[in-house]
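Visitor: The chain contents come next:
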Amino acid sequence: MRLLVVEDDPELVAYVRSDLVKAGFAVDVADNGIDAEHLGDTEPYDAVVLDLGLPQKPGMDVLHAWRSRGNRVPVIVLTARDAWYERVDGFKAGADDYLGKPFHIEELIARIRALIYRRHGRTSHRIETPTLKLDEDVQQVEVNGETHQLTGTEFRLLRYMMLNSGRILSKTHLSEHVYDQESERDSNLIEVYIRRLREKIGNQMILTKRGQGYIFNDPNT
Amino acid sequence: MIESFVYRTLEAEAKSIVSILDFSESGPQLGNYKLNPAYETPASGEYFVLLQGQKQLMSRSAWDQFFDIPVMVPGQQQKRRALGVAGERLLIWSGGFNRAGSEFTIAVAQNIAPIEYRLRVFQWFSAIIAMLLLAASLGVQRWIVRGSVEKLDAIRQDMLKLEHGKAVSLSEDVPSEIAPLVKEFNRLLRRFDQRLRQSRNAVGNLAHSLKGPLNLLLRSAESDHIGREERASIAQNTEAIRQLIESELKRARLAGRGTVGQRFDLESEIRALIGLLDQVYSEKAVDIRYNIGPEVELVHDRQDMLELIGNLLDNAVKWSRSVVIVNIRQANGILIEVEDDGPGCSPEELSRLTGRGVRLDETVAGHGLGLSIVTDIVDSYDGRLDLAASTRLTGLKATAYLPAKTREQH
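Chain order of the listed sequences is A and B.
Position 182 (the first sequence) corresponds to 182 in our numbering; numbering is contiguous.
In our numbering, each number is its position in the second sequence, counted from 1, plus 1000.
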């Protein structure tokens, strides 16, 4: 899952970013409205955390611009003002959720997860198939009752594939959603991680479509 | 005036008759002069009679008339009125003369009824003309006054629009006498609006700059390097500061009554609010029903109203099990009722919540801050907040009443 965090307070950004990365997200950061708008339009984010009080272009205008171009990326609005009219305006502009400052980072993570699941048509908090159970808090996967610890990249990759099960996902697509902008994005690395995942969860869960990409599919479904 | 004019004519007539008299032994005779034809026509209205001793000479027109003519000594004159045989209104001038040794009296009479009649007609005629002129001038005056009052009426209409939130200022196309007043009024309106926006901006900026550091404090409190007690203490105090900032800033943001509210589409705002709450409480799937009565005109400040309704609704949804009902209607002002099917409050809690001067933040957990700001908003609009057990649902029913703006004017 790749996130864009738009916030101009560098200290706040620093810890929000590190906590979100720890929680298994690839995180890009923008500290002004113009950069945020551009990134949101060009990179395939799974969710955006958008502060409203931004230099250069207000957050509400950025959101408006995205929505008017048909960009439906899920957006959590973050604001210090915490007034109902602002929430209503945010909702009308197309915000998907709203969090007033100051907030606990756990609350933000829970909201981001809930928003992403909702976008994938899930109501349950758990990501699981008949064979696999993914525990997001400790980044472990349980395969037929046997627990495996996952590395950060493995976890992000598996979670994204499980949320998009049944879809063909190209290596480029996967790397775009698993790595942030600064990371070295070598799509061959995806092959390496797929192989490692198969070692942990079994070969039959991830199918290779030659020349197209991979499909996650639990044969027991 | 007419009378003296007629007497003068009669006197001249008498003298001209006297001047054409022939005096023979038998007394004065009319000479061969042509008399005024009116004297030859019976009952023509113009007569003369001449008396000398027992002899009487009279015009042909006076033959069937009878004039009681007193005998006058030469030089004596008399003017009088008399009624003629046919009801004529006669003016009679008589005088005594002495010509060629003989003394006689002559009387000349004229019926003034036709003159008087014509005069009356003329009087009526001029009265009517005068009335018409008066009416016309009144009409013109009315038109002028109305023209200038109409401009004032436009101001009245503007004020109404202002009150109903359909305009933000008065039209300055007014008579020059009151233009300065209107301009000053508009200037004050603009200034008021500007001040409100400035202070709201300042409050927003303050919130923004205070809450960043607060967030960092909160974060530091979660660090593992400090003891559990310290952590709890920091967390507790930051929360206290946060609540304090929150409630004071919200209060500072209130526009309150008497501001020029821009009319807004209440229903679309309510729908947005409900959509927003559906999003926030998506796990709960609460059914929020709303009903906005006919003729509901919410012309108060939009930010205040959204804060008011938002907090009431948020509270209701937070405590509800599955249903929340919002009812907004006109009742000599605006009534906003929000009911939920949550556990409600015990009578003791209710009385504590509605007790005067109680800071709601300190009373019932969860119903705290939201209701506190609601009370502030309602107070600033001279309204009322009632909390009671819902009769339709199991939970709490909050009723906010905001009096109509127009009551200020009566």
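Misleading hints may appear alongside valid ones.
Pairs of lysine to aspartate or glutamate, DMTMM-like flavour, derived with a Cα cap of 25 Å [claimed, not checked]:
| hint | chain 1 | residue 1 | chain 2 | residue 2 |
| --- | --- | --- | --- | --- |
| 1 | B | 1284 | B | 1230 |
| 2 | B | 1318 | A | 135 |
| 3 | B | 1284 | A | 61 |
| 4 | A | 92 | B | 1314 |
| 5 | B | 1284 | A | 146 |
| 6 | B | 1034 | B | 1046 |
| 7 | B | 1284 | B | 1297 |
| 8 | A | 92 | B | 1046 |
So these bits of chain B aren't anywhere near chain A, every CB distance computed over 12 Å [unchecked claim]:
| hint | residue |
| --- | --- |
| 9 | 1062 |
| 10 | 1214 |
| 11 | 1245 |
| 12 | 1273 |
| 13 | 1274 |
| 14 | 1373 |
To be clear, the hints were calculated from the coordinates, so they are not data collected in a lab.
Keep in mind the model is a prediction, meaning the values are calculated, not measured.
All C-beta atoms, glycine included, are put in the ideal place defined by N, C-alpha and C.
Visitor: Each of the hints needs a verdict: does it hold here or not?
Guide: Here's how the hints hold up against the structure:
1. Our distance criterion of 25 Å between C-alpha atoms is broken by residue 1284 of chain B and residue 1230 of chain B, whose separation comes to about 35 Å.
2. Distance check on the hinted pair: residue 1318 of chain B and residue 135 of chain A sit about 28 Å apart at the alpha-carbon level, beyond 25 Å; violated.
3. For the hint pairing residue 1284 of chain B with residue 61 of chain A, the CA-to-CA distance comes to about 31 Å; that exceeds 25 Å, so the pair is violated.
4. Between residue 92 of chain A and residue 1314 of chain B, the direct Cα distance comes to roughly 18 Å. Compliance with the 25 Å bound is thereby established for this hinted pair.
5. Straight-line distance between C-alpha atoms of residue 1284 of chain B and residue 146 of chain A comes to about 34 Å, which puts the hinted pair past the 25 Å bound.
6. Distance hint between residue 1034 of chain B and residue 1046 of chain B is fulfilled; the C-alpha atoms sit about 15 Å from each other, no more than 25 Å.
7. Restraint check for residue 1284 of chain B and residue 1297 of chain B: not satisfied, since their Cα atoms lie roughly 32 Å apart, outside the 25 Å limit.
8. Under the criterion of a C-alpha separation no larger than 25 Å, the hint pairing residue 92 of chain A with residue 1046 of chain B is inconsistent with the structure, at around 106 Å.
9. A cut-off of 12 Å between C-beta atoms confirms that residue 1062 of chain B is not in contact with chain A; the least separation is 109 Å.
10. Look at residue 1214 of chain B: its CB is around 5 Å from the nearest CB on chain A, not clear of 12 Å, so calling it non-interface is violated.
11. For residue 1245 of chain B, the requirement that its beta carbon stay farther than 12 Å from each beta carbon of chain A is not met, with the minimum near 9 Å.
12. In this structure residue 1273 of chain B is not separated from chain A by more than 12 Å, as the shortest Cβ-Cβ distance comes to only about 6 Å.
13. Non-interface call for residue 1274 of chain B relative to chain A: violated, since the shortest CB-CB distance, roughly 10 Å, does not exceed 12 Å.
14. Separation of residue 1373 of chain B from chain A is inadequate, the least Cβ-Cβ distance of about 9 Å not exceeding the 12 Å criterion.
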